[in-house]
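Visitor: Listed here are the chains, written in short residue letters.
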Amino acid sequence: MFMKRITIVAGHYGSGKSEISVNLALNNNIDYIVDLDIINPYFRSRALSDVFEENNIHLVESTIKGMLNSDMPYVSGEAAVPFVRDDITAIYDLGGTENGGRVLIQFVHRIKNMDDIDLLYTVNIFRPETATADLIIKAIHDLEGEAQLKVTGLINNTNLMNLTTEDEVLEGETVLVEVSKKLNLPIKYTVVEETHDFKHQFKGERITLSRLVAKRWL
Amino acid sequence: MAKVLMKGNEAMALAAIKAGCEAFYGYPITPQNELPEYMSKHMKANDRVFVQSESEVAAINMVYGAAGAGARVLTSSSSPGIALKQEGISYIAGAELPAVIINVMRGGPGLGGIQPSQADYKQITRGGGNGDYYLYSLAPESLQEAVDLIKESFDIADYFRNPVMIAVDGLIGQMMEPVDFENEVPKWDLKPKTWAADGDRTNGRPKNIINSLYLDPAVLEQHNFKLQKKYQEMKDHHQRYEMINMENAEIVIVAFGSTSRIARSSIELLKEQGINCGILRPISIYPYPEKAFKEIPSTVKDLLVVEMSTGQMIDDVKIANECRLPIHFYGRVGGIVPEAEEIVNKVLEIVGGVK
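Top line first, the protein sequences correspond to chains Y and S. If you count by this note's numbering, then the first sequence holds residues 1 to 218, one letter each, in order. If you count by this note's numbering, then the second sequence holds residues 1 to 355, one letter each, in order.
If you are wondering where the hints come from, they were derived from the structure by calculation, not from laboratory data. Source: prediction; values computed, not measured. Treat the hints loosely; a few may be bogus.
If the Cβ cut is set under 10 Å, some of the chain Y residues that face chain S in the computed set are [to be verified]:
#, residue
1, Tyr-13
2, Pro-41
3, Gly-96
4, Ala-131
5, Ala-133
6, Asn-159
7, Met-161
8, Pro-186
9, Glu-193
10, Phe-198
Backbone N, C-alpha and C define an ideal beta-carbon position, used for all residues, glycine too.
Full structure from sequences and hints, please.
Guide: Shown next, in the form of structure tokens:
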């Protein structure tokens, strides 16, 4: 199977983690989606709870159940379940920056091995905080320091929303290839929005992205 | 620099740095936290001042002090925090000091909620604190416009020696959009800050005193007249607005910020139904763009005010409209953002259905 049993989607805030998490969960019959974003007040994956229910995906919220806007940094104990039960597939949607990674420390002692877990770092080079290979490498190291876990792969989510061109995605790929070589990490996915007809065979598997989270908010 | 993808709060912070903001003082509150967070990293990196103060009241008084010393200074907060800052804002206006204040509005009253709102309209456009003063107040509808206006706002504040308020709602603070930071913005003709209490009297200047206390009523009256002159200049020469799709319009939506952005989608949907609907978009909410109402074409039969409040802007529309057209209202509150279809339905109800 291309996807590991657990995929943890990390990255700078605004890198596209939530949209990617939701799309991955819906397209791959995942059992659990765990929203660990305790930072962002808007545009969170948990706003799609009805869509998850329709698709038999169990949502673990990082807020007191049903209190979408409580603005409290609370993580449900249930978030640990996929780490202890190996019959459950899960997507973890982290909060932004290295601070989002800190939430993972509580699960580290439950992880026996990383063989069935991917911790993927999402990059959009048009986000100034992750514009160059050096900045991305530093951000990955910061995240690993906070999460006490090693990043296992990269997601190229380079975009300027509806203005994105094929060349710009490739520009992102060039930067990520450099990161990939320096850190010995694969580019696991490249994201292309469903409204863009890009023919190029980008590195990694393609995620054809539908903007479900933003649509719920805008 | 080409376009980058930014979150609203970050983009506004970087715009202030680009405008030469020398000091930021603030206290955290959702949904504007990314703004001070960005400043905490990048002000230091640019060798400028960042302080997370112990409270909003402390922050605005630090702004008062830094502005008095002649610095370009910024604070940001969200509705309840801005309410706490009103005393300081009144002092800053009274002492004729420039400062930029960003309000990323959330639902109220009281602590309210963390979702977007425009319900601070009256507080913003009527001054907010005690006394006869106003803030030059700008309400951008996109991140690019927010960036451009913030870059210019420091000049505006210096020119008038008066605080400038950037009024956005949580949606603008939290949303992501491509932004170009190199857009040219108007440069204002600024005089040196000879009034600043900067501690440098090597040129032999007399002492500069920063103060809003005038115990002699005759002097205080003259001071007030002086302030009013500035507000009159704002009204006469610096109203800002955009007229959208006015040709052959039969109805005009009056909306600012996020709401006008949603109304843009509504007028496209209305076109498909054969209805020409315009948008009068105030960009300055103080001074209110009364001049725009004189440009409304004679084809227009109704005005529809759309806001994320219970109708705080209606009074201003009434004044500007001078009883010419019937005024209708549609609003959502408490953090609920109106959808384009809801506005379409309200327009259809007014004009009498699909043509």
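Visitor: Taking the earlier hints as the rules, which of them does this structure contradict?
Guide: 5, 8, 9 and 10
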